Amino acid sequence: MTSLDRVITALAKLPGLGRKSAARLAYYLLRADLSYVRALAADLAALRECIRPCAICGAYTEAERCDICVDPSRDPDRVCVVEQPQDIATIEATGEFRGRYHVLMGVLSPLEGIGPEDLRIDRLLRRVREEGIREVIVATNATVEGEATALLLAKQLKDLEVAVSQLAHGLPVGSDLEYSDRLTVSRALRGRVRLD
Amino acid sequence: MALLALRLTDFRNIASLRIEVDGRDVFLIGDNGQGKTNFLEAVYLLCYGASFRTRNDRDLIANGSSEAAVWGRLAAGGEERGVGVGLGRSAGKRIAIDGKRIRDRAALIEFAPAIAFTHEDLRFIDGDPERRRSLFDHTLSLFNPSFIGVLRRYRRALRARNALLRAGDDRNAGMVDVYEPVLAAAGWEIRTRRSDLCAEFAAVFADLCDRIGGLSDANIEYRPSWREAASADDAAAELRGRRERDLAAGTTTSGPHRDDFRITLGQARFSAQGSTGQKRLASLVLRVAQAEFFERTTGRRPILLLDDVLLELDAGKREQFLRHLPSYDQAFFTFLPDEPYQRYGGAGTINLAVSGGAFTPCTAPATC
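For the record, the sequence lines run as chains A and B.
The number in the working numbering is simply the position in the first sequence, starting from 1, with 6 added.
The number in the working numbering is simply the position in the second sequence, starting from 1, with 74 added.
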C-alpha cells in the first residue's frame, strides 16, 4: 500500500466523504503547493494536542477557558444549552445572543446507550447554582432525541431558581403556511408571539 | 393523467416492447403467466419508482439479464414527460425525468400517481391490522409527504422507549418520563390524521358497498389503541399509566402501532360475515375510496391499474363496479381470454393480446 492509498483510505473515513471524493482530495494534495500541505499536516497533528474542551462550558478552545467564557461583556445571567460545540457557531452567527453557552456533548439516545450521565448535565446544574444564572435557553435540535433531552433538562432545572426556555419551533422564514405540515403549524401556534 | 407510450427492455418476461397506448381504456387479454401483470407493474414503476409486487427491484430484471429498462411518456395537467427507470443487478436503480436524473421519488409521485387494484388487496379485509394501517398510512403519505416525517418520528421515539423498557433499569425511569411526551406528540398527530381519513373512507365505502353490492350496512370504524385519550397530553398519561405492564412485556403495548380499522357488515366483522365475492368487492371499494381521495386532494385523476380483479365478482356486480369506478383519464384492465371483456369495452378501447411477453394490438375482439 502506497502512502497515496493510505491517505485515500484515511480520508474516506471522514463523514460525508466516499472513496471517490477522498481520492480526488488526495490527488489534489499530491499536486498542491508543498508549504500548504506541510502546514495542513502540522495543523492536523496539532488539532488533538492543542484543542480541548473549555473547563466551564465545554466548547473547543486552545486555552483553559474559551473566549466567550472569559469575555466580561457577555451577559452572565443567560446560558444557552447546545448539543455540540459546533452549534455555538450557528447561534453566534445570528448576533442575537449575548449570553454564555453550555455544551452537552450529545443527546439522550437509548438506542446508542447514551443516558443522562453521559451528558454534561451535572456540570450545568452546578453552574446554575454557583454562577447565579437566571435563564437557561435550551437549544437542542427538534429531533426525537433533542426533544427528550430538552424535557429532561426542564425537569432537572425545575427546583432551581432559574427560568428555562426553549428555542421556538415553527414556520421557517420565507415559507408558506399552506405547504407546512400540521405538526409544524400546531407547534407554531403554541409558540405564537404577541404583535404589540 | 395518462400513459401515452411505453418501452420496455428485459423487464420480467418482456424482452422488448415499444408501444403507443393513446387510449382511455386499455384491455390486456391473455392467459396467466403471459405478462399482463408485468405490463401493469411497469406502468406503476413509472408512476412511483417502485413495484406493487416486490420490494426487491432485482426481481423486475429478466432472468439471465443484468439490466432492465422502462421508459414511458406520461401526460398530466397539459404537460408531457418522458420518465425512465433503469434497473441493474449491480448498478441499482436510476430514475430520470426528461433525461435528467432525480434523487427523490417524490418528484415522480407528484406528477402522475396510479392506483393499483390487485388480488392482494383482499388482505385489507381479512388480513391482520398491519395491512389496514399500511393502506391508510400509504394514502396519507402519498398525498402529504410531510406525514412520512411524522411516521419516522413516531417510530424513532417508539424504538427508544422500547429500548429503555427492555433495559429495565430503574435509573432509566427518568429517561422514559421524557420520551413518553415525545412519543405521544408524534403518535397523536398520526391518530388525528388517520381518524380524519377514516371518516372520509367510511362514507365512500358505505355508499359504494350499497350501490354496487346491495350491502346496506357496511362500515369502517377507526379503532385507535389510545381509546380514552382526547389530546396528546392524555396519550402521554395513558403511556405512563401502562408503564408497569409495558415493563413486564418489554415493549410498548399502546399507541398508533397497535391501531386497527374495523371493517364491518352489520354488527359483525366483514371478514367473518361477508362471502368471498363480497370481500373482494369491499377491497376494491377501498381502492376506489383511495382514488377519490386523491382526486379531491390534488384535483387530478390517477391512472387506474386493475389486475384480474373482476374475476371473483359475479356478472351483475362486475357491471355495477365498472359503472362506479372513480373518474379516470386512463385505465388498464387485465382479462383472461374467456372473460366477456368485449362487453366492458367501447369504441375507443385498445385491446392488446398478450402471449409470451409479446403484446399485439387487435381491433376485432374475436381474434384476441
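Just to be clear, a hint being listed does not mean it is correct.
[Unchecked claim] Quick look at which bits of chain B chain A covers, simulated, 3 or more residues with Cβ under 8 Å:
1. 222 to 228
2. 237 to 244
3. 336 to 342
Treat the hints as calculated values from the structure; they're not laboratory data.
Remember, predicted model here, so these are calculated numbers, not experimental data.
Even glycine gets a Cβ: it sits at the ideal position worked out from N, Cα and C.
8 Å C-beta criterion, at least three residues: is the segment 237 to 244 of chain B covered by chain A: It holds: at least three residues are needed, and the segment 237 to 244 of chain B offers 3 whose Cβ sits within less than 8 Å of chain A.
Outcome, coverage hint (the segment 222 to 228 of chain B, chain A; C-beta under 8 Å; three residues): Since three or more residues must qualify, the claim that chain A covers the segment 222 to 228 of chain B holds, with 3 doing so at under 8 Å.
According to a criterion of three or more residues whose C-beta lies within less than 8 Å of a C-beta of chain A, is the segment 336 to 342 of chain B covered? Contact hint for the segment 336 to 342 of chain B vs chain A: violated, 0 residues under 8 Å.
Hint compliance for this structure: hint 3 is the single one not met.
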